[in-house]
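Undergrad: Residue numbers (the numbering used here), protein chains in the order written: chain R, 17 to 331; chain S, 359 to 783.
Please keep in mind that the hints were generated in silico from the structure rather than gathered at the bench.
Everything hinted at is true.
Partial pick of chain S residues on the chain R-facing surface, computed with a CB cut under 10 Å: (1) M411; (2) S446; (3) A474; (4) K479; (5) P646; (6) G648; (7) L655; (8) A656.
Positions of the beta carbon are idealized from the N, C-alpha and C atoms, including for glycine.
Residue-level listing of the chains:
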Amino acid sequence: MATCPNGHESSWEDFCSTCGDPISESAGGGGSTGAGDAGAAEASAATGATGGGDAAKSASEIGLSCPHCSVSRTEEDVFCESCGYDFASGTLPTEEASLDPVSGALSGSTPSGSTPSATNAAAAGAAAAAAGAAAGSVTGEVAPPTTPPGDPQPSGKAPESAFKKGADGPVAPDPAGATGEATAAPDTVAVISVDRDFFERVAGGGELSFPDPDPGESRVTLVGNEILIGRRSDSRGIYPEIDLSPPMDDPAVSHRHAMLRQGADGSWTLTDLDSTNGTYLGDHTVSMAPNTEKPLPLGTPVFVGAYTKVTLEAL
Amino acid sequence: MTIFSAQVFQNEYLPDGGDTVDAVVTVSAAPGGETKARQEAVEVIVIDCSGSMKEEGGAKMEGARRGTMAAIDVIRDGVWFAVVAGTSNAWPLYPQQVGLVQSSPQTRAEAKQLVARVRPKGGTAMGKWLLAANELVSQRPGAISHCTLLTDGKNQHEKDWELDAAIANCVGKFQCDARGLGADWDVDEVRKISSALLGTCDIIPSPDQMEDEFRALTEAAMTKAVDRVALRLWAPQGANVQFVKQVAPTIEDLTPKAVQVDALMRDFPLGAWADDESRDYHIRIQIPKGNVGDERLAARVMLVVDDEQVSASLVRAVWTGDQALATRINGEVAHYTGQEELADAIATGLAAREAGDEANATVKLGRAVQLAHEAGNSETVKLLQNVVEVEDPKTGTVRLKRDVAQVDAMALDVRSTRTVRVNKK
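Build out the structure end to end from the sequences listed, making use of the hints.
TA: Right, dumping it as structure tokens:
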């Protein structure tokens, strides 16, 4: 083992492996930039009985520290005492989890199947997500922290896979012929507008006010053979194709309000999905029976919510 | 097997009282050595199937389908692969049961049939997509794992912390090249993913460019021959490693990615390498001051592959009374310092432009034109010309353009970190 002028024992023979000072005159006097790679490799191989690899290993045992904040740690530590870094999974506590020291401490060790309790659903949701992350999988069904307690969410399901499976995914059912409906060109457009007569009938004199200024007409090209009319809900994972949340913003529309379906012959039907305020077909005096599929010819207006009119037209 | 070599470019002379050492290290990989069986590889393609992919009359979704099929076509036989459909959840598209399948003419054909049936439906939650990819790659531990991720929108359907937690969970598990289609995605958000997962980020302005881009991306992923390469940096006691940046082919600050090995050594993960590529790194270290005539080792730069050290180079410091020697700037260091300033000028210039601060935007983007012109970075000059009217590239005299397409501003932003090599002037 070489010793440098400052008295450090060095695992290298060219420069001190502690302070970087040259070890001998001959090693220091090289003068040229980027002195040979081979020399350095030899130096590390020639570190006496231990050998280069063992030297590196023992050095790493001496100086264990948190890879995130560099505070020293012991081998037994599961979390960094300073920043909470999880050494096992290599993750930091999430912001939400660390707000609550209890759930923060739990975040690395909560069983992934734990059900958030009603009292701290928000913190537990974060902790469950973090625990799922640590275990290598987060379910798509973890309740977001904003979910109110008691909301009938599928959050109690044990997280198993990061994947969601089922028929309502973005994969079209196996097409009968070679040309699947996924590649079929869209042929229908929904025209969305507001209707004052409808508003006066169902909501006039109530708390709701007719949109001012008139938001005008918007058009949604219908792609696919099932088109949901409703209002978006991030917490419930509902993203209707015809979305009447802002800017359309009809507060009387249910998240899952009504479904448009296109048959093999290209014609459309309408089904009210047991919406709170009902769906009116053709004329706004009589609402449809819920969960009953009715033909919807192009040009026939559909009324939903407090003032929204949807009419299908050929593209 | 791949052979690595490293070369150091620096001016080792410091003036009396000087303490900051700059060096550029060029790391090159070349084929050679003992022939080993090719390492197992995993390719996961994640395509955005959010509702917004319906836009442009379905052209976006169709572009994504075609791009994915082109990518599938170039997956080498034997590589384990899967295609994931991303919405506000992650869905197994191919194979239909969660898992990986080995590439063969038959499995590639099956995969393409399913890709043809994918349709836009739902939201965007990229954290879930990444966790799904992670679940898949974990089935082949030890493989060189790569993920190609496509989005066309912002990460609207999960919280920021969910994405951050997912990214943190995937670090070191696979590399991810992320692409944004159109102009409705957030460059910083997507770059956060690719940067943490040691991949690249780029814009695909129009759906008809999907095929070429995805084919090229997958072909590049297929060339990777060795994974888990790290740059191990030793610096002397009392030194302060100010930064370690990859500076070619793109600028990527590796400083925050350091993993401490012992008190004086730290590793910077470099990800997977093809056996014919070369990258440059700029290192700046502050070391304890010496006296005139002293010499000290400022850094030892090693490459570590599979926990085995394969190369070592020295960065030295020599204190001198000769002002001419001490003030000389090494050509490589000067070149990359300029390229770093260029990327910074573009980022701050675009931010000022976005904020409506035209004076500042003009100054910064003008400086960027000047730097790009000096360095011979003609690609960047071209991108800058979409945003500014260049009057004189030598002096950096420019005027802001009035009608700038959003995709052009995004392309400049996302490609501002691309550099040119010093010898390619």
